Every structure is written in structure tokens, then in C-alpha cells.
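From first to last, the protein sequence lines stand for chains Y and H. Just so we're aligned, residue 114 is where the first sequence starts under our numbering, counting upward by one. Just so we're aligned, residue 350 is where the second sequence starts under our numbering, counting upward by one.
Bear in mind the hints are in silico, worked out from the structure with no lab data behind them. Heads up, a few of these hints could be off.
Mimicking PhoX-like on lysine-lysine, the simulated pairs with C-alpha atoms at most 20 Å apart in a straight line are [stated by the list, open to error]: (1) 155/Y with 385/H; (2) 134/Y with 474/H; (3) 155/Y with 382/H; (4) 382/H with 460/H; (5) 343/Y with 484/H; (6) 484/H with 560/Y; (7) 255/Y with 418/Y; (8) 560/Y with 280/Y; (9) 385/H with 371/Y; (10) 484/H with 474/H.
The structure presented is a predicted model; accordingly, all values stated were derived computationally and were not measured.
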Amino acid sequence: MSVNYIPATFAVLRDTDRCIKCRACERQCSNEVHYYDADFDKMFVHEEQCVDCQRCVTICPTNALKITENPNSFRKASNYSQQLILENYRQAATGAVLLSSMGNPQDFPVYWDKMLINASQVTNPSIDPLREPMETKVFLGKKHTHITRNPDGTIDMSEQSPQLELKYPIMFSAMSYGSISYNAHESLARAATELGTFYNTGEGGLHQDFYQYKTNTIVQVASGRFGVSKDYLDAGAAIEIKMGQGAKPGIGGHLPGKKVSDDVSKTRMIPKGTDAISPAPHHDIYSIEDLRQLIFSLKEATDYKKPVIVKIAAVHNVAAIASGIARSGADILVIDGFRGGTGAAPTRIRDNVGIPIELALASVDQRLRDEQIRNEISIVAAGSIRSSSDAVKAFALGADALYIATPALLAIGCHLCRSCHGAKCNWGIATQRPDLVKRLNPDIAYKRLVNLVRAWDHEIKEMMGGMGINSLEALKGNRLMLRGIGLSDKELQILGIMHAGE
Amino acid sequence: MKRVYVNENRCLGCHLCEYWCAFANSGEDSIVKAFKLNREAMPRINVEDSGEIHFAVQCRHCNDTPCVKACITGALSVDNDGLVSIDTERCVGCYTCVLTCPYGCIVIDEKNGGKTVTKCELCVKNAGNEPWCVKQCINGAIVFEDRTNAERQAVL
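Hey, can you work out the whole structure from these sequences and the hints?
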């Protein structure tokens, strides 16, 4: 053994006047932070193991616990933050790539927070959504430019491309069974079903028990092709080809072997306990033409009844890529911004690769409109849509619908400790350990998900009403409803909005 | 009658119900006082653990009430609804009820040296309304429901 350079990240503070030594903290901590010493008749902590997941704080019956950053600090330097120093120590000790979870926590500009929403005054009336009808339903898929009529005058629907009907304009993004637990998947599936929207299987296949939710399921086909079969494709209302993920553009997924339990191995069709590593590219896709082949293979396999979605990470030339995808036969395009979450990604990639969803969305919508192919494809924005106001801004920038994942996980207990890759999630979400999975009660969790989406929908309607808009269709791409604040001319130009005051 | 039921698929073995039960029956106004002042804080619910299986056990208020039949002083009684309660003034600590209860739900009150026993009375004598174990269960594992005899048999 040599000196361990890495101090505890957090300090666990216990008010011993309040602690009744019930030891619930000890029993519930999968990181084994708390322990009871009979000789002292006292609780103690191994605080170096704490990840600040807040489980113990939340369940403590006497509110005796607090977790805070360890006040111990290295000598301050703007160039070398304590985080950077520690990461170098860690790599020197292990020789390994640094892994991280959840969204990019670095201090990059959040453009949502630099845009303001309009409201009606005097000249056009605002609308009260509680008194007047308000429409947030969305149909995703190709839209025809011309209407043809049958001899009897009715609209000819025979050539209509398949559409996804969303009662709420928000879907749950792809999170694989493996990265998240059985109970988390069940909660998402049941919530999507009750809401009349969709959840996404992610790249890990679909557990047999969840085939019953097929009308509200989007099945994903990623580069690893885990769990893909004819039955699987049939079990989705739509099929999503994952080309990239906002949190880790340019690389494939990596599910640590300790998360590949019996059931996960069966669902993914891979050996138990082995790391599930998806290749960085799809090995059969090296061009838009190749992508078109896969899209039509999937359409052929499912009788052209289901929309095919292509999901890409927001990267530098995203608009040109999107233009290609719009011409490839795909029905829906998902753009995933660089602050999007992940169950595990190399830290340097998560924190440095890709571009913000706000800029990507604005430039893609503009490019497709300029090329007059916007109707060819619906756009779903993903990658850190954090609230209903972010949602309204995303619609105004041109999104047809949104994917949320981090807010969905927050709804079911996630405290954003960003330790998913450790596979010991104390909230029963990002783990496969049966004793931990049990902590997520789907009967409670699915209702919380339903509540969250309904609450957002209420707020979206309030904001739309304020603008005098009673249908989401009238908000989509309506950039006059946005103004930038504190943004440069270039940023305003890319976002396609004016500055506040203009 | 509404009774307390436990779903073992949801019970996490955190044992918090025991502490809230003890507090509810302590007569104190805070859980900290109930334990710090070392008064009569005895739980009437016990979580049985075996590996990954956890199960909170407390009086089932069953139909045939062997404890009431066995009680030599009439301290244990059952009311018309089926609630089994204890009059500790009458209990002499013979433990016959402890021997007869098939669920092991009669608790020896160690706080008074085992002179009497105690048991779950569905919080009717303290906070009332909803039992505290139900109210405080962190995973919805303990519920307070009116079930038919057939449903109850299925669980037992």
C-alpha cells in the first residue's frame, strides 16, 4: 500500500443529539458509509465512500443527517481545479479512462436560460387554458405537402405515412434495461401508457414482461443490436435507430458487466456478467445511403406500418447531417444535445464533445425549412430539457416533441449523484441488485411520472395561453415568441431570434 | 375491519416501522424524545430478515384469536370488529399468549422487566386514524386495508 491521495468528496454530518441509532442509514446505504460501533454505542461513517445520493438524509426519521461537500480543500487555482487534480490522481492510480454518469455538469452556457418568452398585452388577447380549449396533442411523422381527395370528396389517407399520436408532447427518452432497473422500466412503461405518450426501450432489448405495453413503446436498434428480433420490432409503436447519444457522441454504449444480471443477459441476448459494449459506429452504416438501407430494412420487416426514428447526437455539422437524414426515408429525427444524460460515459467525452441542443435544434429546423424538406421529418429535441419553460422554448425553436429522461428519473427518486456507473444506485434506478431494485416501487413511481408530465403540460398551456396561442402547432417554430438576453449577434443569428428589447 | 398488511415484495428491511411504532406508543411528542429519554419505547411490530427477504410482522387481529382464548386473566380481549387489545393492568406476564400466537406477534415488554406483554392495537389507543407503521413506510410496503376473509386467507 502507498498513500491514497484522494480525500473524501463529501462530509457526512450527524447531529448526535437527534440520532436515535435506529441504523436505517446503515441498512439502506449500498456504499456502506454508515456503521454502528457497539463499544461507543454510536454511529460512525466511512465518508470516503459517500456519493451524496441523499438516501440516508431522506429516510432518517429524526433529520439527524446532512451531507455537504468536504470543506477540506486543495490550494486554489483557476487553472487546476481540485476536480482536475483528483482526476489525475485517480488515473495515475488506475491507468484507466475516467467514467462518469448523467449529464455534463460543466459550466457551459445554458441557452434555455438566455431566452425569454413573450406574452400578449392589449392588442392580442391571452387565453385562459382552464376556461378555453387548448391543444398540446402532437402527431409525429412525415407530413404530406398536398392533399388528394377521393371521388366522394373525403381526404385520401391511403398514402399517409405512419404517424405517432402523442397526447402529451413529451416522451421518455431511451434508457436501456440494464442501465436502469426492471422496476424503473416498468414505471416508465406504465406511465407512458396512462399518459398516452411513449417510452423508449433504449438499446438493451425489451423484457418479455413489458411486451404488454407495446402500443406505447418505442424500440431502439443501436450499433450493438442487443435484443433485436422480429418480435422485438413488432413490439414497438415505432423503431428508433440510435446513431449517436448526446452524452457521448462518437462512441457506443458501455454497460458494465456487474449490471448484466440473469434477466438482463436474457433480454440482451448476451452472456451474464460480461460487459455489453456497443460499437462506436453501426458497422453496416457508413453513409446516408447505408442508413436508408437500414431504415427500409426495418420498414420492410414491419410492413411499413411503423414510423422509423433516427437519433443523432448534436455535433458540429448537425444541420447538414439532419438534411441527409430527412432525405433518407426516416420519419422522425431525434437530436440529442451534449448535456443529455447517460448511465456511463468517458468523462472527457461527456464533458467536451458535442454542442448544445438549443443551437443544434435551431440550426436543423432552419436548414430543413430553407431546403423545403421540413415536412419530410418530425424533429424531437432531447438532451437536457429540464422544465416546462425549456419545453416551450424548444417548441418555439422548432421541435415537434421532446424527450425527457433526467426529469423522469428525478420524478422517481434520482438525486443526481451521478454514480450510475457504480451500479449501486440507492434509489433502485441505475442498478440490477435485487435488494436495491426493490426500493423503487413501480406503483408509486409511475404515478409520480404521470404527475410530472401532467404538471409540465399544465404549465406549457399556461405559457401558450399567455402568448395567445391555443395550439402547439401554432407555437412550433414560432421564434418571434422568443427573445435572447445577454447573447452575441452570432448566437442570436444561429438561434434565429431577436434580442430582448428589439 | 381495516387491518395492517405487509407486502414482502416491497418491504426493504429498513426497520423504520419499528421505530415509528415505538414512538407512537411512547406517549412522547417527538421520536427523539421517545428514544433519548429512554421511556417506554417498545415496538409492537418486528421486521423479520432472512437474506434478501424482509417482512414486517405485527398482530394479524386474526379470526380465531388463540391469544385471547389462552389469556388466564382476561387481559387480552377482542371487540366486535375483531380488534384484539390488551389491558396491561390485568396482565400478569405469564406469557401463555406468547406461546400460543402462531405469528409471534405478542411482544414481551422488556422496558418493565418483562412483567407484562404488549401488542399492536392498530394505533387506536394513541394517534388514531392510520397506524404509524403504515404512515411512515418508505416504500408503500405496509398498507391499512379492509380485506375479506378470503383475501386474508390468501395472504396468510
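The hints, checked one at a time:
no. : hint             : verdict
1   : 155/Y with 385/H : holds (13 Å)
2   : 134/Y with 474/H : violated (26 Å)
3   : 155/Y with 382/H : holds (17 Å)
4   : 382/H with 460/H : holds (16 Å)
5   : 343/Y with 484/H : violated (47 Å)
6   : 484/H with 560/Y : holds (18 Å)
7   : 255/Y with 418/Y : holds (13 Å)
8   : 560/Y with 280/Y : holds (17 Å)
9   : 385/H with 371/Y : violated (42 Å)
10  : 484/H with 474/H : holds (16 Å)
The structure fails to meet hints 2, 5, 9 from the earlier list, while all remaining hints are met.
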